[in-house]
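Take the given structure of chain A and dock chains B, C and D to it, following the hints.
If you read the sequences in order, they're chains A, B, C and D.
Reminder that position 104 of the first sequence reads as 104 in this note's numbering, one-by-one numbering, no gaps.
Reminder that position 256 of the second sequence reads as 256 in this note's numbering, one-by-one numbering, no gaps.
Reminder that position 297 of the third sequence reads as 297 in this note's numbering, one-by-one numbering, no gaps.
Reminder that position 119 of the fourth sequence reads as 119 in this note's numbering, one-by-one numbering, no gaps.
There's no promise every hint is true.
Straight-line distance between alpha carbons at most 25 Å, and here's what the computed DMTMM-like set of lysine to aspartate or glutamate pairs gives [as the list claims (entries may be wrong)]:
{"hint": "1", "chain 1": "C", "residue 1": "K70", "chain 2": "A", "residue 2": "D8"}
{"hint": "2", "chain 1": "D", "residue 1": "K70", "chain 2": "A", "residue 2": "E304"}
{"hint": "3", "chain 1": "B", "residue 1": "K70", "chain 2": "D", "residue 2": "D8"}
{"hint": "4", "chain 1": "D", "residue 1": "K70", "chain 2": "B", "residue 2": "D8"}
Think of the hints as simulated: they come from the structure by calculation, not from any bench.
4 protein chains.
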Amino acid sequence: MVIVMAADANTQQVTAVVDLVTSTGGRAFVSRGLNRTIIGLVGDVDLFDSLSLASLPGVAEVMRISAPYKLVSREHHPERSTVRVGGVSIGPDSVTLIAGPCAVETPTQTLEAALMAQQAGATLLRGGAYKPRTSPYAFQGLGVEGLRILADVREKTGLPIVTEVVEAADVPTVASYADMLQIGTRNVQNFPLLQAVGDAGLPVMLKRGMSSTIEEWLMAAEYIAQRGNLEIVLCERGIRTFETATRNTLDVSAVPVVQRLSHLPVIVDPSHSGGRRDLVVPLTRAAVAAGADGVIVDVHPHPETALCDGPQALIGEDLSRLAEAVTVMASATGRPVNGAPALIG
Amino acid sequence: MVIVMAADANTQQVTAVVDLVTSTGGRAFVSRGLNRTIIGLVGDVDLFDSLSLASLPGVAEVMRISAPYKLVSREHHPERSTVRVGGVSIGPDSVTLIAGPCAVETPTQTLEAALMAQQAGATLLRGGAYKPRTSPYAFQGLGVEGLRILADVREKTGLPIVTEVVEAADVPTVASYADMLQIGTRNVQNFPLLQAVGDAGLPVMLKRGMSSTIEEWLMAAEYIAQRGNLEIVLCERGIRTFETATRNTLDVSAVPVVQRLSHLPVIVDPSHSGGRRDLVVPLTRAAVAAGADGVIVDVHPHPETALCDGPQALIGEDLSRLAEAVTVMASATGRPVNGAPALIG
Amino acid sequence: MVIVMAADANTQQVTAVVDLVTSTGGRAFVSRGLNRTIIGLVGDVDLFDSLSLASLPGVAEVMRISAPYKLVSREHHPERSTVRVGGVSIGPDSVTLIAGPCAVETPTQTLEAALMAQQAGATLLRGGAYKPRTSPYAFQGLGVEGLRILADVREKTGLPIVTEVVEAADVPTVASYADMLQIGTRNVQNFPLLQAVGDAGLPVMLKRGMSSTIEEWLMAAEYIAQRGNLEIVLCERGIRTFETATRNTLDVSAVPVVQRLSHLPVIVDPSHSGGRRDLVVPLTRAAVAAGADGVIVDVHPHPETALCDGPQALIGEDLSRLAEAVTVMASATGRPVNGAPALIG
Amino acid sequence: MVIVMAADANTQQVTAVVDLVTSTGGRAFVSRGLNRTIIGLVGDVDLFDSLSLASLPGVAEVMRISAPYKLVSREHHPERSTVRVGGVSIGPDSVTLIAGPCAVETPTQTLEAALMAQQAGATLLRGGAYKPRTSPYAFQGLGVEGLRILADVREKTGLPIVTEVVEAADVPTVASYADMLQIGTRNVQNFPLLQAVGDAGLPVMLKRGMSSTIEEWLMAAEYIAQRGNLEIVLCERGIRTFETATRNTLDVSAVPVVQRLSHLPVIVDPSHSGGRRDLVVPLTRAAVAAGADGVIVDVHPHPETALCDGPQALIGEDLSRLAEAVTVMASATGRPVNGAPALIG
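The following block holds chain A by itself, in its conformation from the complex:
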C-alpha cells in the first residue's frame, strides 16, 4: 500500500500517518519529494484498510498494491487449476462445450435440447429451473419440477447438469439434483448466496456481473473460496457498455487477463454476450482462440416458442457449425475438445 500525501501536507500530518500505521504493527517508509511525500506501507493490508487512511488530514490518495484476493490468485498458486464436474474436467488441458436450453420448459423440450447438445459435442448439460428475469411478468422457471426433468434427462443422456441457483435457501435443494451450481450475472455480489454455494461442496460456475470489473469478479470468487470451495469456473458473459448492436459487449480480453491473475478455469458464454444467434459461432471461435477453457451456449429445439432468450438459441443447422468451430479452434490452440471420441480412442 502506498500513501500519497497532499502537496501541502505538513510534517505533523506525515508523522500522524506513520504513527497510526506503526501503532497497528505495520511499517511505514517515507519518501520525501520536491512537491510530495510518499509513504510505503508494509504489513497487513486488510488492517490498513480498516484504518480509513484516506480520511486522515494531509492524505491525498491511498493506493493498494497487492491483489485484494488471495485464494483464487495465481500469485501463490502458479499452476492453473482443473475443475471436475461429474466425470468431466474443465481446465487448461482441453476445451469443454456446455450446451442446453436457457430454461427447462418440458421433459420433451429438455431431452431434445440435450440430445442436440450432445450431438454437437457437449459433455455437460446446462438448463435453468430457477430463472432470474428482469420482468416479474416473465416466465420464472419450473423450480423443483425443472430440476427433476434435468435429473431425468441426465439419466437418459449421461450428461452431468449445470443449473442456476438464485437464493441461498434453495442451495440444498438445487445441490441435491445438480452436478454444478451456476451463479448468474445478477447475483455476482449476492454475498449470502456466494457463501452458501461455497458451503455446498459442489463445483460452481460464477458468471461475471454485467458491470463487474475483473477484480470485483475475482473478489466474488474469493467469497466462495473462503468457504473452502475452490472448485470454481469463471464465465465471461459480456459487459454493459454504450454499444447497442449487441445485447452485451463480450470482453474477450478478460480470458487472458483472468488467466494471468487467477488459477481458476475461465469459459465464455457467446449466447448471452451477443444476444444474437448469428454471433454465437464467430464469438465461440474468438473465445476459444483467446484461450478460453470452454464455452457455454443456448440450444433449443424450437427457439420460436422458447419461453426465454429464443433469439439467441442455436438450432439444428447452426449446431454443426458450432461443433466444427469448437473442434477447429481447439486444435488451432493445441488442445483437444473434452470428451471428443477421437481422443478417447
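Chains B, C and D alone, transformed into the frame defined by chain A:
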C-alpha cells in the same frame, strides 16, 4: 408492440406473424411500405413476449411500446405517492433528510451519529447492520446485534430506522426491528429478496443498481409492488461509467425522469454517488434542486476510524453546511424540509 | 511518480530502474517491503514519461502523482478565474445564461430566437453556423452566411456571439465574426483545432468530450492554454453511458470536481445533456445549485421545424420557467444573474 | 420510420402528423390500437428527419428503421469489398498483417522496426509522423521529417506505408508520401478531415472512436464514401468501458456485426485495444478467429525507450509468436495470410 419485417421478408412470412399473433387472441395491423412492412400488435404484451417473435423468419426487429411495468407506472396512477415511515412522510410535499452511519459499529458511535444527524435536521436514521462488501475480508456488519443497537438509538432519539437487508431469509428478523427496509445497489435484481420485502408489509427503500437502466430499476420496484407493497421509495446513488474522478456518476437526470414515469417518491444518496466528503454538499444541492424528495447521507462521529466508507462520511463542521443546503434548496423549490420546526409551528 | 516493482523483481531490476532515473537527472527513493519494492521518483515527470518505465523488466506498475496539466490547474493559480466575452463576465461572481438556436437557419429565425433568449435573461447569444453532424445527409450549417446573420443579430440585440468552429483552417474567419469560439464535444481531442483557437486571441468555450474523463478534458484545455490563451470556459454537456432514457448523462459532479482542480469557469449545457425539452429546467436548477458559473440552452421560435435538435429546444412558455429557475437558483447559491437589471440598478 | 403516438394523443394530433408527412410527399399508415396509435412512414427518411416529428404534440417516440448510411451499407452492395494498398489487398480473401512503430522517431528505429515487421509477415508498414497526444507535453511526432523517413524505409523494404493524418490541411502533404491514410480514434467525427481524405484519392483506414457506436462509425465512413472514395478499411481498436484492467475493451463482436452491416473490410488493432504487450498475441488470435480481415500491431526495436506507447509494443521474441498466431488462425478460418510465401509459390 411493433414488428419491423426485414427488407426481403416475403408475404408468407408476414402472414405467419399475423397468424401467430391472432391465434393467441391478439390483433395485428399490417402497414406495407416501399421497402419494409411494419406490423402493429394490440393485445397482451406479456403473451406476445412469450412468442419469441424476434425469432420468426423475416422479422428484423420487435419494438415494445408500452412500459413493461404497470403498478409503479404513473400511467394509471397520475398523482405522485407519499410513503410513510414511522411518523415521517416521504413524498412530493416536503424534502426529507435521512442520515446516519454507513455501518453500525458500537452503541456509542451509533448514538453519536444519530444525534449529529438529528441536529442537522434528519428525521430518519440510516445505519447498516448487514453490510454487503466487495471483499470477503472487509467488515461485514454486526448483524442482529447491530439491529438491537439501532432499536435502542431509536428509543433514545425518536428517529425511525432505515436499514439494509441482504438475504430473503433475514427479512423477518430485520423487519422486526426496522421501520423501513433498504435494498442495496448490488441486490436490485435479487428477485427472491425483492419478493420477500414485498411480502414484509414495511416500507422499502430501493437503491438503483450501479448499472441499472431506469427501466430495469422500475421493473425491480414492480417485483416489490406485485406482492402488494406499494410503499416504495426509489434512491438514485450513482451509476458506473468510465469516469474515475468520482466513485460513481450521480445521474441527477434520473430524478425528473423517474418522476415522470413513476408515481413513487425518489431520493438521492450523494455520499455513495461521489464517494468523497467534499462533494456531498454540492450534490445535495443539485439533487434537491432537481426535485428529489429527499437525500440520504453518511455521517460518522470519527470518519478516520470508520469501518466502512469513512472517506465520504460527513463530520461536525460539514453537517451544518449540509443542513443549510437542504433548507435553502427546499425553500428554493417551494417545499418545506420534513419535520423542520419552523414548519410545525 | 511511484514505481511498484513486481513481487518477483530482483535487486538488479530495482537497480536498473534507479540507474535509469538518476542518469536523466531525477532522484529515486527505494522502499523495500516484505513482498514488494516501491520506488518514489522526484524530478521532471514528462521526462520520466518518456522513459517507458513500465516496460522495464521487473516493473509492475507506474503511478503518476502530480496532475498532468499545469496552466489550467488550480494548484499554482488558487483563485478562480473570470473570462470576459464582449462586455460579459463568466466566472464565480455571477451566473450567466447563454441561449440561442442550435443552428442558424434564417435571419428571421435567428433574430426571433435571440429576442426570446434576451427576454429570458440571456446575456450571450449562441448559434451554430458550422454544425458537426453524425450523418453526412443532415443539415451542416450555413457557414459564412450564418456568421453574417449572427453578426447582424448582434447589432440588433447587443448580445455578444458564441459560435462553434470545427476546423483549424476556419478559425480566422469565424474569429472575425465571433466574440467567443466554441469547441464542440466531437473536437475535444482535435489538437490542431485546439492550438488554432489557442492562437486566435478570443475566449473559448470548450465542451467536454462525450467520453472524456475530467482529466482528459483539462488536458484539452491545457492545449489551448499552452498557446497563451487562458480565456477558457469549460462546458459540461453530458457523458455517454449505458442509460438510454436521456441522450447523454449529465455529470453534475463534474462541476464541483472541476472547480476544485482548475481555476477556469465551468458552465453546463442542460439541452444537449438530456436531449429532452422537459428536462432542461430541472437540469438547469441542478447545475446552478451545484455551483455552475452559467448554463447554455437551445431556444427556437418553431422547434417543430428546426433543422437541428428541435426536440430539446425551449419555446415560449418554457422560457419564463427557465428564467425563473436561473434567478431562484442563483439567489439560493448567493450569486446574481449576470446582467440582471435588479443588480445593475 | 415508425411514429408512436402518446397514450393520450387525440385524433387531431394523429391527423396533424399524417398531414405534415403527406405534405412533404411521404405516405403515412395509421394503426390504431387499444391504447396507442402507431403511424408507419414511407418515403424520404432524411426529409422526415428534418421535420422534427418528435416535437409534434402527441408524439411519444420516433423510431428509424432503415440504416442511416447507404454507400457503405451491405444492403445494396451484398458482396464484401477488397481494398488495394500499394500492391497489397485487404479483404475477405486473406488475412493481412500490418505492423510498425507507433511513432517514427529516427531512421534507424523505423528501419529496424520495419524489418522486424516484415520478418513477422507484415505486408504493410504502419508508423506515425503526426501523433495526436492527450498531453500537450508529450512527443507530437516528427511531421514531414517523419514522412520522409517512412518513404525511405518503404524504398528499402518494399513495404507500402500506412500513416495517420490529423488535420484537413495536412492531407495533401501526407498523401504525397503515404499509400494509405489513417484516421485515428480521436478524429472519427472530425468531419472536415473525413471529407478531406475522401477527396484525396488514397485508401483510408478509419479507426473506431473510443466511444463510437458501430452505427456512428459507419456514418463516419459514409462521410468519406460520399466524396467518392470507397477504398475504406475499418479498424476496431477497443472501446471505452468501466473496466480498467485493459486500456480499452476490445469489442471483438464488432467484427462479425460490421461484416453483416457493411461491405467494407474490417481489421483489429490488438495493441491499442489492450494496451499491454502480453495481450497482443491472444487478442490477435481472437480477432482473426472472429473473421477479421487483418490486424495492425505496434512493434519497436527498443520499447523501453519508445517515445509513444512502449508498454504495448512487441519485441523480438514476441514477434515470432505473433507470426505463428496469424498463420494458424488464418488457416483455421480457411484463409491465406496475405503475401505469405507459401501462397505465392
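Checked hints:
1. K70(C) to D8(A): Satisfied, since the Cα-Cα distance of roughly 17 Å is no more than 25 Å.
2. K70(D) to E304(A): violated, 31 Å
3. K70(B) to D8(D): holds, 16 Å
4. K70(D) to D8(B): holds, 17 Å
The earlier numbered hint that this structure contradicts is number 2, and it is the only one.
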